[in-house]
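> What follows is the residue order along each chain.
There are 4 protein chains.
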Amino acid sequence: MIIQVKPDISDSQKDRIIQEANQSGYKITEVKTQLSTYLIGIGKANFDIRKLGLQEGIQDIHIVSDDYKLVSKKWKAKPTSIDLGDGVRIKDGDMALMAGPCSIETEEQIVKTIEHLKATGIQIMRGGVYKPRSSPYAFRGLGIDGLKLWYQHAKAAGIKIVTEVMQVSQIEEMYDYVDIYQVGARNTQNFNLLDELGRVDKAVMIKRGISGTIEELLQSAEYVFSGGNEKLILCERGIRTYEKASRNTLDLNAVPILKHKSHLPVVVDPSHGIGIRQFVPQMALAGVMCGADGIIFETHETPDLAYSDGQQTLDFDQSTKLVKQIKDAFELRKSFI
Amino acid sequence: MIIQVKPDISDSQKDRIIQEANQSGYKITEVKTQLSTYLIGIGKANFDIRKLGLQEGIQDIHIVSDDYKLVSKKWKAKPTSIDLGDGVRIKDGDMALMAGPCSIETEEQIVKTIEHLKATGIQIMRGGVYKPRSSPYAFRGLGIDGLKLWYQHAKAAGIKIVTEVMQVSQIEEMYDYVDIYQVGARNTQNFNLLDELGRVDKAVMIKRGISGTIEELLQSAEYVFSGGNEKLILCERGIRTYEKASRNTLDLNAVPILKHKSHLPVVVDPSHGIGIRQFVPQMALAGVMCGADGIIFETHETPDLAYSDGQQTLDFDQSTKLVKQIKDAFELRKSFI
Amino acid sequence: MIIQVKPDISDSQKDRIIQEANQSGYKITEVKTQLSTYLIGIGKANFDIRKLGLQEGIQDIHIVSDDYKLVSKKWKAKPTSIDLGDGVRIKDGDMALMAGPCSIETEEQIVKTIEHLKATGIQIMRGGVYKPRSSPYAFRGLGIDGLKLWYQHAKAAGIKIVTEVMQVSQIEEMYDYVDIYQVGARNTQNFNLLDELGRVDKAVMIKRGISGTIEELLQSAEYVFSGGNEKLILCERGIRTYEKASRNTLDLNAVPILKHKSHLPVVVDPSHGIGIRQFVPQMALAGVMCGADGIIFETHETPDLAYSDGQQTLDFDQSTKLVKQIKDAFELRKSFI
Amino acid sequence: MIIQVKPDISDSQKDRIIQEANQSGYKITEVKTQLSTYLIGIGKANFDIRKLGLQEGIQDIHIVSDDYKLVSKKWKAKPTSIDLGDGVRIKDGDMALMAGPCSIETEEQIVKTIEHLKATGIQIMRGGVYKPRSSPYAFRGLGIDGLKLWYQHAKAAGIKIVTEVMQVSQIEEMYDYVDIYQVGARNTQNFNLLDELGRVDKAVMIKRGISGTIEELLQSAEYVFSGGNEKLILCERGIRTYEKASRNTLDLNAVPILKHKSHLPVVVDPSHGIGIRQFVPQMALAGVMCGADGIIFETHETPDLAYSDGQQTLDFDQSTKLVKQIKDAFELRKSFI
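Chains as they are written, first to last, in full-length UniProt numbering: chain A, 1 to 337; chain B, 1 to 337; chain C, 1 to 337; chain D, 1 to 337.
No wet-lab data here; the hints were simulated from the structure.
Idealized CB from N, CA, C, for every residue including glycine.
Hints should not be assumed to be uniformly reliable.
Within a straight-line C-alpha distance of at most 27 angstroms, the following computed BS3-like cross-link-like pairs (lysine-lysine) qualify [said to hold, decoys possible]:
hint	chain 1	residue 1	chain 2	residue 2
1	C	LYS334	C	LYS74
2	A	LYS321	A	LYS155
3	A	LYS202	A	LYS74
4	D	LYS73	C	LYS244
5	D	LYS74	C	LYS244
6	C	LYS324	C	LYS155
7	C	LYS244	B	LYS44
8	C	LYS321	D	LYS334
9	D	LYS118	D	LYS327
10	A	LYS244	C	LYS244
11	C	LYS76	C	LYS334
12	D	LYS78	C	LYS321
13	B	LYS78	A	LYS321
14	D	LYS334	C	LYS327
15	C	LYS321	D	LYS73
16	B	LYS51	B	LYS14
17	C	LYS155	C	LYS118
18	B	LYS244	A	LYS76
If we take Cβ atoms under 8 angstroms as the criterion, some of the chain B residues that face chain C in the derived model are [unchecked claim]:
hint	residue
19	SER24
20	ALA156
21	MET166
22	ARG186
23	GLN219
Produce the entire structure from the sequences given, and follow the hints as far as they go.
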């Protein structure tokens, strides 16, 4: 049960609502976000919401049978729109493009990539400065200094930044330099990290876990939302299966299912989803066609020299061509509605 | 190694080639198909194909490092085209449409479905008369009588038939009434069935196994081809994973990968691939966009009354709308090349 | 619902029972096995079995909520015992041992293996004469002649034979030479084969599908049982997962679960379950300890020269040692009850 | 390549070794643990270790082809033994027992559990005070206060504590009250947490990831070891597969494989591995039989009243009976060597 309270509710009104819910067998968690205050009720009893609805201070009440509540479309049918400023938005009915290298490597690489993005009309740049690596001996990224350098150029060019945050202590140091915090596939159920990102007033994109279910992805989003942050994006990036001909199995089924279950925007990552450069464009276009609100892909001036993920990274010519195709496919999709 | 021999090769010439290959450590299997005769050499030794190439009677020799040989694009770069007669073709650069009910149920249903297919321009009708069912107590299809009834109407309307064959003994009795034998996902590795389908001069569509790999699907096709039948179609229909929000996980990665590895046409089945009616169109369009040569989907006049698979079956209005969208998406895809 | 009828029931009594069940919304399938006659009722209505129980000719009625009926322990709590003659039994509370090569190769190999089995007290010999192979160019076994040769030696030595049947047409030709028909992991859902094995009065061991669920394995057994054959054995042999350090993932969880759900004996195959020779003994012992009624493993005089599966095959010394350990572990397990 | 240096190596000697390795194309990471100092070389060039071995200050050099180095048995054949003090050890050739509730709930529960452990001879108590939960609204554990309370009683009774640490900031506050930090299945690839646990001089038990490979588990252990902490334990707790009849699929294959690849002790968790109370004992015994160095299981005075995981938790009578059986099975296993 979600009780959205009025902005001007008094403490005593709120206490009365909580008390009544408790008496009906519901445990209440209070959630304050950038936009509103909610009382989330968890309980199993049958509940007469009309009676509770008579209490003062309530704007709206919904019964939500899903295990996740605030991210469910059963509560909020209107799609969530994320505004990154300067006219950059991620939202239903639009096609957000995010591209860039796997890892931020050098200043020259940053500059070249930004030039490419500007030329093709991509507004959001991806890149890793903290890299989760299976082996402790592999390159782990340039860290906060790399991010600051990147930010300087991106800011000047009007390009937004999406980059992975790996642990709680990085949230604050990264804050001034990121537009979207990315939660990586290995951290989708790092609940402390999700809790803390709930306390930040900045967009968060959560990648589906390496073998995470659709339900778990929504529950992870619920962590951030219930922590107080409504600016959430979901990302399908492929799951682990027995098939070894591709790096992961891009589960595009997840796109219409997530769009149906949740009001949050859904982005598709074809680079990790198939892991083979020459097939990334086809999978990006498939993602557009089945309903994605955005595409995130890896591009690099010289993919074969990239520090990481070169095998799934497009060069700039391929990237330019793909962006045009994505736009055409998106226009066609819009005509279908 | 694939040695394609000349049509007019003499027995003694052939013997000499085989002998020389044997001496080089290669075991030879002779394959005669509708189109040609091949000597397939399996062995591990390094092989100087130039020396063998000097033998008379040889048209072409290729080293194929894949475990499958005749279905590999390394041998035959030109895409295979399946001609079903009356101008109906399944081939690269075209978009074959196959639709119809899960099960053939009644004459009225057959007639209504054919009317719908004619009206929307779908040339191939799907439907099951032998149904593989997990439970021995479930409806198992109308059998050969259902097929004959169906054939009578389809023939008259110029509609081609694709339907599942479950065992060797059915091949002959079905022969006069089918245009494409379908091998179901539970029979992808029923090697005896594949062997026998190799002896038939009719198209065969092999569905990927319930948890079959891409490699295994190609090996299964190799069985039919090496049995003598080149008229082969591959079908991606979703795989079994841990995810339970969809019936199967439609692995669209398989489409560009299969197209890259093999010269055979690839069809996508979004109905089984996601298993949820309202999302079938999105997945069909995604399939088109990532390179499928055809789409097969379930449609029924009244899906909720269907004997089986109603939950993933489109009604005729949805089907009509989808076909139009598929055609538009296919036109767009063609413009991308 | 399972209605076990009396041996001397009259046709009119049976008709009356069926009629009444039909009226209550239940579809009846009549099943005649070696031991009894059953009327299997499938339906969703609530059913007052007491009222039906008043009909004459009925021995016993059980409501079985599982999708499988006759193989369920909810109907028949007493474990099934398979008697192969000459004192060889597969049953709860006993430890059946089956061993032998992957493939039957030569007469010498047969003789040597039988000597080894006799020396270690193993009463059932495994071996393939029809081999399902992913590639059409691989060795497919010696066929029926190999089986006859094998039978000749096994019969003389008092050794029972378990071997794979791949298709319906082989059932009859193999009949005189096998003691247990094995249904392989790729044929677990070959429903025609299961149907036909239901008509045979000989034991059938069904291997779990390559990625088959426990439920599906029981449904496959239900096919054979409902065809008329109660002499059934279930076999856990590992499932397909993402893990590549082993050939399959031996799912020993399946052992106590199958024993709990069904009255059929359960055999574990550690050779395919892990696929690595040096670890087969540990997995065999684990299988004994979690409740298996039998162990089937691969052994060969010279595993490295075996035509197939050498990497997971024990030599005779390893086999001798393992059998002793299995017996000790089984004695310990019995002491736990 | 692992270069173990002498305790009294001089800085200039070390520099010379690093320089020479660099010149041969190897990047060196220096690792200092509680026991020794290692130089880990990562590179692809062929390397003549004899030449490097002539340098002064080197105790031992090993080429390790695995991606993990320090946890590999190729480097260190001697099994690692973890000494928790007071005679409590986890090591090859021994059987460590860890038991307790899923969550620490109340003082009474702590006291009762400790009494039970003392009575049955279990020396290590498990229990969660920080609980990773899919839903943000679920019980998340008593936190540090619960741990302190628990420690007080455990210390007095001579019982050791193993409990999950979820984030870096908890490491220090938990330090005085834990004997083994547990890394949960959702944090197996939380690399920052692993890095920090490498800096602690206390045992760490790493659970295999929800769908983690055996290779990834070893890589995660390598993180901790290369951070400086050799006191490592690996835990198999079941993996995610398509099978839904059990909570997870306990992958006992992992036990002999991990024991073969690594010198670290391996513990099996049958409670999470199957997730069904009545089958936990069988799976525990199977784990013992295939080579585990320890068993961790959930027990509670009244499982049906437990805050979490009650369905897989043994009551004290079941626990007592199981411990006796584990000991018998372990004695039998020892007799096999």
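> Give a verdict on every hint.
Each hint tested on the structure:
1. About 24 angstroms separates the Cα atoms of C:LYS334 and C:LYS74, which keeps this hinted pair within 27 angstroms; it holds.
2. This hinted pair checks out: A:LYS321 and A:LYS155 have alpha carbons roughly 26 angstroms apart, not beyond 27 angstroms.
3. As the CA atoms of A:LYS202 and A:LYS74 are separated by approximately 25 angstroms, the hinted pair is consistent with the 27 angstroms bound.
4. For the given pair, D:LYS73 sits about 19 angstroms from C:LYS244 by alpha-carbon distance, which is consistent with the 27 angstroms threshold.
5. Of the supplied pair hints, the one linking D:LYS74 and C:LYS244 holds, its CA atoms being roughly 20 angstroms apart against a limit of 27 angstroms.
6. Distance hint between C:LYS324 and C:LYS155 is fulfilled; the C-alpha atoms sit about 25 angstroms from each other, no more than 27 angstroms.
7. Pair hint C:LYS244 plus B:LYS44 holds up; C-alpha atoms about 25 angstroms apart against a cutoff of 27 angstroms.
8. Between the alpha carbons of C:LYS321 and D:LYS334 the distance comes to roughly 14 angstroms, so the proposed pair stays at or under 27 angstroms and holds.
9. At most 27 angstroms may separate the alpha-carbon atoms for a hinted pair to count; D:LYS118 and D:LYS327 meet this at roughly 16 angstroms.
10. For the suggested pair A:LYS244 and C:LYS244, the alpha carbons sit about 10 angstroms apart, so the restraint of at most 27 angstroms is met.
11. For a cut-off of 27 angstroms, the pair hint linking C:LYS76 to C:LYS334 stands: about 23 angstroms separates their Cα positions.
12. A threshold of 27 angstroms between alpha carbons decides the hint, and for D:LYS78 with C:LYS321 the separation of about 26 angstroms falls inside it, so the pair holds.
13. The straight-line distance between the Cα atoms of B:LYS78 and A:LYS321 is roughly 26 angstroms, inside the 27 angstroms bound, and the hint therefore holds.
14. Proximity of D:LYS334 to C:LYS327 is assessed by CA-CA distance (about 15 angstroms); at most 27 angstroms being required, the pair is judged to hold.
15. For the proposed pair C:LYS321 and D:LYS73, the alpha carbon gap of about 26 angstroms is at most 27 angstroms, so the pair holds.
16. Pair hint B:LYS51 plus B:LYS14 holds up; C-alpha atoms about 15 angstroms apart against a cutoff of 27 angstroms.
17. In summary, the hint linking C:LYS155 to C:LYS118 is supported, as the alpha carbons are separated by about 12 angstroms, within the 27 angstroms threshold.
18. Annotation: proposed proximity of B:LYS244 to A:LYS76 holds, straight-line Cα distance about 24 angstroms (limit 27 angstroms).
19. Hint status for B:SER24: violated, given a least beta-carbon distance of 16 angstroms to chain C, over 8 angstroms.
20. For B:ALA156, the shortest C-beta to C-beta distance to chain C is roughly 31 angstroms, which exceeds 8 angstroms, and the interface hint is violated.
21. For B:MET166, the shortest C-beta to C-beta distance to chain C is roughly 6 angstroms, which falls under 8 angstroms, so the interface hint holds.
22. Hint on B:ARG186 holds. Least Cβ distance to chain C is approximately 4 angstroms, under the 8 angstroms limit.
23. For B:GLN219, the shortest C-beta to C-beta distance to chain C is roughly 5 angstroms, which falls under 8 angstroms, so the interface hint holds.
Of the hints listed earlier, those the structure fails to meet are numbers 19 and 20, in rising order.
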